[in-house]
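Novice: Given next are the chains, with one letter for each unit.
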Amino acid sequence: MTSSSPPLVLVKGTLDLLILKALVWQPMHGFEIANWLEERSSGALDVDDSALYQGLYRLEGKELIAAEWGITENGRRARYYKVTQRGKSHLKQETATWVRYTETVTGILTGAQSA
Amino acid sequence: MRFDIRPRIRRGFRLALRRPDLTEAEVDEELRFHIASRIDQLVSRGLTREQAAAEARRRFGLSWDNAMARVHEAGRAREERLAMTERLDAWWQDIRYATRTLSRQRGFALVVIATFALGIGANATMFGVIDRLLLRPPPGVGDAESLGIVSVVIPNSSLGRNSNLHYPLVAALLADSSVFTGAAAATDADRFTLGRGANAEEIFASFVSDSYFPLLRARPALGRLLDHDDIHDVSPAPVVLSYGFWQRRFGGQRSAIGKTLQIGPRYFTVVGVAERGFTGFDPRRVDAWMPVAVAGALRGRTPNWDTTWGSYWINVLARAKPGLSPALVDAHVTSAYVNGRAAWLASAGRSRATEPPRLSLMSVMPSRQLQNNAEARIARLLGLVAGVVLLIGCANIANLLLARGTERRREIAVRLTLGVTRRRLIRLLLAETTLLAAIGGAVALVVAVVGMKLLRGTLLTNFEWIGGAVDPRLLGVTLALVAITAAVAGLAPALSATRPNVTESLKSGGREGGVRRSRTSTTLIVVQAALSVMLLVGAGLFVTSLRRIASLRLGYDVDRALSVSTDLATLGYEPKERYALFTGMRQRIAALPGVTSVAMSATHPLHGWAFGMWVTIPGRDSLPQAKNGGPYYNLVSGDYFSTLGLRILEGRAITDADVASNARVVVFSEPMARAYWPGESAVGRCVWMDGDSTCTTVIGVADNARERLKNDEERFLSYVPATPTRETPSTVLLVRTRTDKPERLTADIRRAIQSVSPNLPFVDVQSLPSMLSQQVRPWQLGATLFSLFGGLAAVIAALGLYSAISYRVSQRRHEFGVRLALGAQVRDIIGLVVGHGVRATIVGVLVGCAAAFVAGRYVVDLLFDTSPRDPVVFAVVAVLAVTVAAAATLIPAWRSSRVDPASALRAD
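Here the protein sequences line up with chains A and B, keeping their order. Counting from 1, one number per residue, gives the positions in the first sequence under my numbering. Counting from 1, one number per residue, gives the positions in the second sequence under my numbering.
Calculated directly from the structure, the hints in this document are not laboratory data. Treat the hints with caution; some may be incorrect.
[Unchecked claim] Going by beta-carbon spacing under 7 angstroms, a handful of chain A positions derived as facing chain B:
(1) 30
(2) 31
(3) 44
(4) 48
(5) 49
(6) 50
(7) 57
(8) 60
Built from N, CA and C at the ideal position, the CB exists for glycine as well.
Based on the sequences and whatever the hints tell you, model everything.
Specialist: Encoded structure:
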C-alpha cells in the first residue's frame with residue numbers, strides 16, 4: 001500500500017457513502033471497515049480512524065445502519081454494523097447522484113477545449 | 001455473531017422494542033478494540049509494539065484527545081436522535097394499534113365517537129355563544145373595565161337591566177368631576193326604515209351623544225366617528241355605520257363615505273365606519289349611530305329632550321375615576337340623579353313626594369353585570385347544562401371502557417407476562433380513548449358550526465355576530481375538551497384494566513366480573529341517572545314556564561292583530577296634516593276585506609314606547625306611585641280598546657265621538673284606578689291632567705295591559721282621546737283582522753296607505769304575535785336547549801345503562817345457565833337483571849331530584865311563574881327516568897333468559 005502521489009482528502013459526505021457501500025456485502029465491525037476502505041482505495045484515501053467512527057454513529061442516528069455487539073473470529077467482543085433497508089435505498093440514490101455529478105464535472109474538466 | 005430477539009418479532013408481539021444503547025463505556029470498548037486490532041495488524045507487518053502503538057494513535061486522528069471527544073460526541077448525538085425517533089415511533093405504533101383494534105369493534109367505536117361528538121359539540125356551541133355574550137369585553141371599546149352604565153337598582157331583579165333614563169343626567173354626572181371622568185348617552189338600538197318604497201329596508205340604529213364614541217374610546221375603521229362637533233341638529237346629519245352594515249350595504253367600499261342615506265324621513269351623510277365588531281356598550285346588533293340631536297325630530301321627542309327629566313328613553317354611560325369604591329360611585333350617581341330631577345321638578349312648579357330610587361354604575365363588562373340580558377344569563381346556565389351532558393357522556397364512555405377492559409383481561413394479562421410494562425399498556429389504552437375523543441372532537445366542530453348557525457339564526461338574531469362560528473378560541477376549547485374528556489373517561493378504566501392480578505386472570509376462565517369493577521359501574525349508572533334527572537327537571541321547568549307564558553293573561557288579545565306604523569313626523573307635515581293622513585289611512589285599511597276594525601293611537605303595549613304625564617287629583621297632595629314608573633298616557637281614537645281586545649272593566653271606552661267633540665275624558669288602567677281610589681269606583685271622578693287645572697272626567701277603567709312578560713307588572717296608564725289638536729309623540733295604527741295569519745294582509749295595507757298619499761315612507765307592518773315573540777325568546781331559548789340537552793343526556797344515560805347491563809348479562813351467562821339448569825324460571829332471571837338496573841336508577845333519580853331541589857333556587861328568576869320545585873315536573877321526570885331505565889334493561893334481560901343452559905356450561 002505504497003503510493004507515489006499524496007493521499008486524497010475526502011470530499012465531505014462521501015465517507016458516509018463509502019461506509020454504506022462497505023456494509024452492503026456483509027456486516028462488519030469498525031476495524032474491518034477501515035481495512036476495507038484502505039484496500040479498496042489502495043491507500044489513496046486519507047481517512048482518520050476517528051472520522052470513521054464519527055461517521056458510523058452519524059449513520060446509526062439516521063437509522064441508515066444498525067449495530068449490535070458480536071464476537072469476532074478471535075473470540076473478542078466487537079460492535080458489528082449492518083445496513084438497514086433505508087440505508088440500502090439511500091446508498092442507491094446517493095450513488096446515482098454522485099455518478100451523475102462526477103460525470104458532469106469530469107466531462108467539463110476533460111472535454112474538448114474548442115467550443 | 002449473537003442476535004437478540006429480532007425487533008420485528010418483538011413488534012409483532014407488542015413487546016417493548018429494545019433499542020441497543022450506546023453508552024460511553026461501550027464507545028470506549030469499541031475504540032479499544034479498534035486500536036488493539038490496529039496494533040496487532042501493524043506488528044504483524046513488522047513494526048515493534050511501541051512503533052505500532054504510536055502509528056495506531058496517529059491514524060486515529062491528529063490529536064488523540066480531540067478525536068476521542070469527537071467520537072464520543074457523535075455517540076451522544078446518535079443516542080439523542082434514536083431516542084427521539086423511538087418516542088415518535090412508539091406513539092405512532094400506539095395510534096396504529098388503536099386504530100386497528102377499534103376498526104374491529106366498529107359498533108363500540110361509533111357509540112363512543114358519537115357520544116364524544118355530541119357532548120363536546122354541545123359544549124363548543126355553548127362556549128361560542130357564552131364567549132360572545134358573556135366573556136369578551138364589548139369589542140372595540142377601550143378600557144371597558146372602567147366603563148359603566150347607570151342603572152336603576154330594582155329589588156327582586158327581573159330579566160334585563162333598567163337603564164332608560166334622562167339625557168340631562170349626562171351633564172349632571174360631568175359636573176361631578178371629582179368622581180366622573182366622562183359621561184355619554186345612547187339609546188338602545190331601535191328599528192328604523194332605510195330608504196323608500198321597494199328598496200326600503202329595516203335597520204337597527206341608535207342615537208348617541210357627542211361624547212359617546214370618545215367615552216368608549218372607539219376607533220373608526222374608516223372616516224371619522226361622531227364627536228363634539230356633532231351636537232346640533234343639522235341636515236343632512238352625520239351618521240356612522242357599523243362595520244357589518246357597511247359590508248352588507250356598501251360591499252366594504254371606501255366610497256361609502258360621503259354617501260347620503262335616508263333613515264326614516266331624514267337624510268344623513270355617512271361620515272365614518274366603526275371598527276369591526278363594534279356594537280357600542282351592548283352586544284346587540286346596531287347598524288348605524290346618529291347624533292342624539294336628531295332624535296327629537298326622528299322619534300317625535302319633545303323639543304326639550306336635552307333638558308327634560310320627565311322622559312325615560314336613553315342609557316347613560318360614565319367612567320369613574322380609578323380606585324373609588326363602587327358604593328361611593330353609586331352614591332354619587334344616585335345623588336346626581338335625585339338632585340337633578342328635584343331641581344327640574346321644582347322649576348316646573350311641581351313637587352311630588354316620591355321615594356327616591358337607588359341607582360348604580362354597573363360595569364359594561366358582560367361577565368360582571370348583575371342584570372345581564374336574559375339571553376346571556378340563560379346561555380350561561382345552558383353552558384353548565386352542556387357541561388353536565390358531557391360529564392354524563394364521559395361516565396358512559398368510562399363504563400363502556402371498563403366493561404371492555406374486563407373483556408380484554410386475558411389479552412392484557414398475556415401482554416403483562418410477556419414483559420410489556422404497565423405504563424406502556426396504560427398508554428396504549430389511553431391512546432385508544434384519545435383517538436376516539438379526537439375523532440369525536442373533529443365531528444364536534446361540525447356539530448358546533450351547525451349548532452351556532454342555528455342558534456344565531458333562530459333564537460339569538462338580535463346580536464351582532466362577527467366572523468365564522470369557529471375561531472381560535474373555540475378551537476382551543478375544543479382541543480382542551482378532547483384532552484380532558486379523554487383523560488376523564490379513559491384513565492380510570494385503563495388503570496383498572498391493567499391492575500396487575502395477572503396470574504389470577506389467566507387462571508380463571510375470565511368469567512368472574514370482579515366485584516370492584518361492577519361496583520364502579522353501578523356507581524357510574526347512579527351518577528348518570530342523577531345528572532340526567534337534574535337536566536330533565538330543568539327542561540321541565542323551562543317548558544312549564546313557556547306554557548305559562550303562552551297562557552299568560554296580557555289583558556289584550558294579540559292574535560290576528562297587526563301594528564302598522566310609518567314615520568310622517570318630519571316629512572314636513574304639520575301635526576294637523578299628519579293627523580288627517582293617519583285618519584285617511586285608518587279609513588282605507590278599515591275598508592279592506594278581512595279587516596274587522598282599525599284604531600289610531602300614540603302607542604300600544606308592544607310598541608315599545610311609553611310617554612309620561614302628570615295627573616293630579618284636586619284636593620290631594622300626593623298620589624301613590626307605581627312600581628314600574630309612570631303614570632304614562634296614550635292618545636287613542638275610537639275602537640282602540642275593541643281593536644286591541646282590551647277589556648273595559650267599568651264605565652265606557654273612548655269613542656270617535658269623544659275625539660270629534662274634543663271631550664275632556666280619560667280612561668284609567670285598572671291598577672291606577674285601584675291605587676287612586678282604593679275600594680271605590682273611579683268612574684265620574686275629576687282629575688287634572690298635565691298641570692291643567694280643569695276637570696277631566698274619568699269615564700272608564702280598562703284592564704291592565706302588560707307591556708312586558710312579567711306577572712306582577714301593573715301599569716299606571718291613562719287613555720286620552722287622540723284629537724287633531726293634541727301634539728302626539730308618535731302614531732301607530734292597530735288593525736284587527738279575521739285571519740290567523742294577519743301578515744298576509746301586509747301588501748294590501750301598504751297599497752291602501754300609499755293610495756292616501758303617493759310619497760310616503762316605508763310602512764312597517766308587524767303582527768302583534770311576532771312582536772310579542774321577541775320577549776318570549778329567552779324562555780324559548782331556555783326551553784328548547786334545555787329540552788334538547790336533557791333529552792340528549794337521557795338518551796346517553798339510557799344507552800349507558802343498556803350497555804352496562806348487556807355486558808353484565810354476557811358476563812353472567814354461565815351463572816344463568818347454571819340457574820336455569822337447576823330449575824330457575826325465565827321470569828326470575830329477567831327480574832334479576834331488570835331489578836339491578838332499575839334499583840340503581842331509582843337511587844340515581846332520588847339523588848338527582850334532591851340535587852335539583854337544592855339547585856332550583858339558582859334558576860328561580862329565569863323561570864316564568866313556575867316554582868323551581870314544581871312537584872308535577874319532578875314526578876313526571878322521575879316516572880320517565882325509571883320507565884326509560886326499565887326499557888333499557890329489558891332487552892338484555894330478555895336475551896339473558898334465552899341462554900341455553902347446555903351451551904353456556906359447555907363454553908368453558
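Novice: All the hints need checking, so say for each whether the structure fits it.
Specialist: Results of checking the hints against the structure:
1. 30: This hint holds: residue 30 of chain A lies near chain B, its Cβ roughly 5 angstroms from the closest one there, short of 7 angstroms.
2. 31: Where the cut-off is 7 angstroms and the nearest Cβ of chain B is about 4 angstroms from residue 31 of chain A, the hint holds.
3. 44: violated (15 angstroms)
4. 48: At 4 angstroms from the nearest chain B Cβ, residue 48 of chain A passes the 7 angstroms test, so the hint holds.
5. 49: holds (4 angstroms)
6. 50: holds (3 angstroms)
7. 57: holds (4 angstroms)
8. 60: Holds. Min distance 5 angstroms.
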